[in-house]
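Participant: Each chain, written out:
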Amino acid sequence: MTIIERLNQTFRLVFDDDSLQIHPHTTANDVDGWDSLSHVNLITTIEATFRVRFTQKELLKQRNVGDLVADLERKLAGA
Amino acid sequence: MTFTSVSWFLFLPAVYLLFRYSADRWRWLVLLLASYGFYASFRAPYLLAVLLVVTGASYLCALRIAASQEESRRRRWLWGGTAACGAPLMLVKYLPALQTEANSLLGVSWTFCATLITVAVSYFTFQAISYLADIYLELEEPERHFGRYALYLAFFPKLLQGPIERGGDLLPQLRQPYRFDYQAMRSGLVLFGWGLFQKVVIADRLALYADQVYDRVHDYSGVSLILATYAYAFQIYYDFAGYTDMARGTARLFGVNLTENFNAPYRATSVADFWRRWHISFSRWILDYIFKPLQMGWRHWGKGGTAAALVITFLISGVWHGATKGFLVWGLLHGIYLASAISWQPVQKRVYGWLGGEKRGWLKWWRVFVTFNLVCLAWVFFRASTLADAWYVISHSLYGMKGLRSGLLMSQGLFELLFTLLLVASAGTIGRALKSLPEQRSAARRWCLYYAVAVVILFFGQATKSSFIYTKF
Numbered sequence: 001m002t003i004i005e006r007l008n009q010t011f012r013l014v015f016d017d018d019s020l021q022i023h024p025h026t027t028a029n030d031v032d033g034w035d036s037l038s039h040v041n042l043i044t045t046i047e048a049t050f051r052v053r054f055t056q057k058e059l060l061k062q063r064n065v066g067d068l069v070a071d072l073e074r075k076l077a078g079a
Numbered sequence: 080m081t082f083t084s085v086s087w088f089l090f091l092p093a094v095y096l097l098f099r100y101s102a103d104r105w106r107w108l109v110l111l112l113a114s115y116g117f118y119a120s121f122r123a124p125y126l127l128a129v130l131l132v133v134t135g136a137s138y139l140c141a142l143r144i145a146a147s148q149e150e151s152r153r154r155r156w157l158w159g160g161t162a163a164c165g166a167p168l169m170l171v172k173y174l175p176a177l178q179t180e181a182n183s184l185l186g187v188s189w190t191f192c193a194t195l196i197t198v199a200v201s202y203f204t205f206q207a208i209s210y211l212a213d214i215y216l217e218l219e220e221p222e223r224h225f226g227r228y229a230l231y232l233a234f235f236p237k238l239l240q241g242p243i244e245r246g247g248d249l250l251p252q253l254r255q256p257y258r259f260d261y262q263a264m265r266s267g268l269v270l271f272g273w274g275l276f277q278k279v280v281i282a283d284r285l286a287l288y289a290d291q292v293y294d295r296v297h298d299y300s301g302v303s304l305i306l307a308t309y310a311y312a313f314q315i316y317y318d319f320a321g322y323t324d325m326a327r328g329t330a331r332l333f334g335v336n337l338t339e340n341f342n343a344p345y346r347a348t349s350v351a352d353f354w355r356r357w358h359i360s361f362s363r364w365i366l367d368y369i370f371k372p373l374q375m376g377w378r379h380w381g382k383g384g385t386a387a388a389l390v391i392t393f394l395i396s397g398v399w400h401g402a403t404k405g406f407l408v409w410g411l412l413h414g415i416y417l418a419s420a421i422s423w424q425p426v427q428k429r430v431y432g433w434l435g436g437e438k439r440g441w442l443k444w445w446r447v448f449v450t451f452n453l454v455c456l457a458w459v460f461f462r463a464s465t466l467a468d469a470w471y472v473i474s475h476s477l478y479g480m481k482g483l484r485s486g487l488l489m490s491q492g493l494f495e496l497l498f499t500l501l502l503v504a505s506a507g508t509i510g511r512a513l514k515s516l517p518e519q520r521s522a523a524r525r526w527c528l529y530y531a532v533a534v535v536i537l538f539f540g541q542a543t544k545s546s547f548i549y550t551k552f
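Those protein sequence lines, which keep their order, are chains D and V.
Residues 1 to 79 (the working numbering) make up the first sequence, in order.
Residues 80 to 552 (the working numbering) make up the second sequence, in order.
Isolated chain V, as found in the complex (with noise of 0.2 Å):
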């Protein structure tokens, strides 16, 4: 079951109405085993199981680090829970993808290990070790509850795909009583709506274009190419934000506000503001579990110690999306962006100033140009099949048109092809409109918008694509 599920529709009226008629005391044990039962739908056993020892081992190692005094005795169950967390996120990951080497260097046919499906394990993993740490270093309590505590990592709006939540930020208001509140009902089922809006009617719709072309890049070369990457960087965008919206909309109901994980990352004007503004729950683990304990570890190294932190950081970043050579030239790529903007800062900082200025209006406008270009060739390895294709890609992207017209514009007729261009210039203001929508007085513009949305949504999203991209990281 996920979002887009038949199911779902079902299933979240069923849970709200059980939780809203539930004793306050017992609203937490009501969403802990929704969640579970979220969970089991997936029909993977080894999932829960997964989840129940990353909740466990987390609970006590929490709980012990807390309550030594002595700071190697501390350390020891901080890493002894981070081991524990870590290894079944590493063994149902990585362990198919090393067979597959090792099949292929020693020329044998092992299928111990079939494919497992691993949706939500990175998520919750990494706010189990996050708890631990904040546990560390003192910044939070630990939660005695363990109802609670399991309800933290398994809460089902944030469980497939994140939000990752911190334990300061989501404890205190899973231990707060639940109270009605009508606007928040109201703008929960509005994110939801726009959420929803933003997978099945637009991210749905450009993956038409996107998988056109990477399915079969050789029919493609030139602007094919470039066409094509720039509607996987919105189809990538629109999915995870999509979902984002929606898992928030959905904690709405509960009375629970999960972070904002987008901020317009296109519109950013450097590879670094383009972190601060994507997967801004990952991009803040990560800065702060992997590259700040490496950046200061290396602090004598100067320039040289947090350029190696920054490329190291996001090469993890790329191998925990997936055991391919493409995601982890995809982090390299990224760390090397960040790294080399260590170096070139000063100079662009001289240039902009010869120009006028960094904010004169067109060099913002140039800077945006140029980073949404880098992260889109780093795109080309995210998603082109092998990195033969992704090769393939960037070196035919310079010239020619193969397969422009025929293959890829009108592969979906001209209708398609209009609305899916009226729907990405135009999906800003859809979005701010929706969401000042509960703030509205005249009940008659609300639901005709309302009306509206829900119109394009049956009429004009697509039904092939139900699966989310990031669930599968």
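Excised from the complex, chain D in its bound form (with noise of 0.2 Å):
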């Protein structure tokens, strides 16, 4: 499974989504309920869910999912 696709399976389970699909240009305004308490419980499920921490730097300057993907992909390369 890609880290997309990993990622996808986390959105569906924070947001109770089932038929969410989210692409490298998904941001906040594309997904119902995604407010800045949601984006908080998002990114840490993603950390415990993929067992990874992210940067004060890197949280604040992702913008899309697709910023996201590279953080991960970045941080999971370097394990």
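Only pairs whose alpha carbons sit at most 25 Å apart, straight line, appear in this in silico PhoX-like list of lysine-lysine:
no.	chain 1	residue 1	chain 2	residue 2
1	V	K443	V	K428
2	D	K57	D	K75
3	V	K371	D	K75
4	V	K382	V	K371
5	V	K371	D	K61
6	V	K404	V	K172
7	D	K61	V	K382
8	V	K382	D	K57
9	D	K57	V	K371
10	V	K382	V	K428
11	D	K61	D	K75
No lab work stands behind these hints: they were computed from the structure.
Everything numeric in this text was worked out from a predicted model, so none of it was measured.
Join the two chains, each given in its own frame, into one complex according to the hints.
Facilitator: Structure below.
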């Protein structure tokens, strides 16, 4: 399973929507219920699922799912 | 000089003509000199010094951040630049208040630090800090042309009260060659006119009622206090929105589009929604540079971390407005509103579900009504002269009507009262009509409305108040 497929499962779990389909350009505007509180839940769930920890800078730079995937790929490759 | 001064109406055309007929490569210099000249009109040389220090420090630190490869060096330049930009703001804004408190606590009477005017310092400092942060986060490349960077901070249409422009939004526009655009000129002048109307006809008129009560709260009770607070809520909105439209209209003359700062804030259905509609450039700033870093840093505390981040962010917002207990309480109230919504939201969703869904008409208007009153409750602390006065207003609002007729409603006469109510009720319609004017094909219709607005401004504008509320923050 690719990173984006695993990430999609995490999104579906956090937003409780089995039909959700993310892609690299997806942002908070595209997902119902994705606000600042659910964003924190999303990040902590991703960190627990992928066993990574994002730095403050990485979190503040992320603008879309593509940025999230790129950070995950880099961290998992370096692990 | 402000946007409502007589000198402004001589300054602006002169600057525009000089700008228009200068070679394109020197237009940045015309605007920069005009901006510093505009700022110098406040006759406070230390303000120009502060602007120069903040400009120089942020320009240099941004270049050093971009040139550094090592993360710890980049972070040092970021924090160093932020401190260098923030220190002058802290000094001019808070030293007089600290001196007053020290005098009161220690029983001395130091006067080495008289009250300083701080106009514009907050706004360009916040811009400089956001620029540094965006360079550090590699969201933008640094501007290497010092003059253009200086203009980004000092651009006179937005100098006094914002909008707080991001580097990525304004700097590219300043790099573009200027092309005369008749439609942009026309829409800019109309937007400026509408802003002027909001300020001198609506806001300054509402101020007569709000000030009547808030300058002598103990002469009023009950409905009088509530109506005066509502009047202030609309006064501050039209004052600030009016300024923003004048700033945006002026900027359009020079080919620059500034950020929208308001989006019908009193139609918000929650306090969170209010902050997405009120002083948008400022709320985006505190969201991106204070709230998000705190929230992400405390993310493993769950809802508690988010709540704490919200309270601290809005406390800072309150303190930014001024070093008084009233502003602190105002900020704290908004922080508490937003923090408690985190726990309240799931319950609220269930209740709305039982009531047929949150999009139902009456429920939406109920939410607008509740949100407006929560915001007004906080405005009491913002406007009242002292905490004791604010407490008096709140504790005496629910009963009585002392001073209602003769003191408040009829204080300016019946005609003024009816005219004010008509203005507030029709302001939205007038604004939409004016903004859609440039697209109208009928020149006669356009010119009739321009003439009507000009006549109302000239004959019904309040000449007594020339300052803008948000200039003092």
